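Engineer: Residue-level listing of the chains:
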Amino acid sequence: DAGVIQSPRHEVTEMGQEVTLRCKPISGHNSLFWYRQTMMRGLELLIYFNNNVPIDDSGMPEDRFSAKMPNASFSTLKIQPSEPRDSAVYFCGGGINTGELFFGEGSRLTVL
Amino acid sequence: AQRVTQPEKLLSVFKGAPVELKCNYSYSGSPELFWYVQYSRQRLQLLLRHISRESIKGFTADLNKGETSFHLKKPFAQEEDSAMYYCALRRWGGADGLTFGKGTHLIIQP
Numbered sequence: 001d002a003g004v005i006q007s008p009r010h011e012v013t014e015m016g017q018e019v020t021l022r023c024k025p026i027s028g029h030n031s032l033f034w035y036r037q038t039m040m041r042g043l044e045l046l047i048y049f050n051n052n053v054p055i056d057d058s059g060m061p062e063d064r065f066s067a068k069m070p071n072a073s074f075s076t077l078k079i080q081p082s083e084p085r086d087s088a089v090y091f092c093g094g095g096i097n098t099g100e101l102f103f104g105e106g107s108r109l110t111v112l
Numbered sequence: 001a002q003r004v005t006q007p008e009k010l011l012s013v014f015k016g017a018p019v020e021l022k023c024n025y026s027y028s029g030s031p032e033l034f035w036y037v038q039y040s041r042q043r044l045q046l047l048l049r050h051i052s053r054e055s056i057k058g059f060t061a062d063l064n065k066g067e068t069s070f071h072l073k074k075p076f077a078q079e080e081d082s083a084m085y086y087c088a089l090r091r092w093g094g095a096d097g098l099t100f101g102k103g104t105h106l107i108i109q110p
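First to last, the protein sequences are chains P and B.
The end of the first sequence is residue 112 by this note's numbering, with every number in the run present.
The end of the second sequence is residue 110 by this note's numbering, with every number in the run present.
There's no promise every hint is true.
[What the hints assert, rightly or not] Across the chosen pairs, the derived CB separations fall in these ranges:
#1 P:81 <-> B:60: 17 to 25 Å
#2 P:18 <-> B:67: 42 to 50 Å
#3 B:50 <-> P:27: 23 to 31 Å
#4 B:20 <-> P:63: 38 to 46 Å
Calculated from the structure, these hints are not laboratory results.
Since we're looking at a predicted model, the values are computed, not measured.
In this text, a Cβ means the ideal position worked out from N, Cα and C, and glycines have one as well.
Could you build the full structure based on these sequences and the hints that come with them?
Structural biologist: The structure is reproduced here in structure tokens:
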């Protein structure tokens, strides 16, 4: 298994543009989490899904952020419109129920 | 609300010296505690979880409920231990997301 796969690995965009980050979890994992990592705030949980259903999105910073999980093998995190303060590394992770979380390598977003 | 505090942003020790990375937590229920490690520009990886009571790469951590701490220790640091270390908490038996501390950057000097 290739593990959790995230794309793109790096994205540089201009303020106001739409950004879509993608995640393919490990097959068989039923939970999926999106985290944002910044120097100032560390790792923040944005949203998590269980069996493709959003369970807690209280960490999503603003309405500009949205996440979907149309099926067990794919999730997206969208930012529209993007702002410079959204610059961060976004991690996707998943697991099985109460077990270990496995993370992807992250998507480094820079908004100019 | 749950909170994880890692008081040291940066910890620098010499190779062969003992290492202790501090972690304190605040949680009203029964917690499950973890340590994750992130080597330079790599993905987060699980290092330890308190229920397994294992020693991984020479690291150990004991949950002290009285002091609400879960400090990470290693008796003899190695250069390859240089990395970011994150302490994390989750509701016991829960499938919720982990609450992470802000991390400690461990640097092992030769």
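Engineer: For each hint, tell me whether it holds in the structure or not.
Structural biologist: Structure-based check of each hint:
At about 47 Å, the beta-carbon gap between residue 81 of chain P and residue 60 of chain B misses the expected band of 17 to 25 Å. Checked against the given bound of 42 to 50 Å, the beta carbons of residue 18 of chain P and residue 67 of chain B, roughly 47 Å apart, stay inside it. Between residue 50 of chain B and residue 27 of chain P the beta carbons are some 28 Å apart, a value that agrees with the proposed interval 23 to 31 Å. For residue 20 of chain B and residue 63 of chain P, the Cβ-Cβ distance of about 43 Å falls inside the hinted range of 38 to 46 Å, so the restraint holds.
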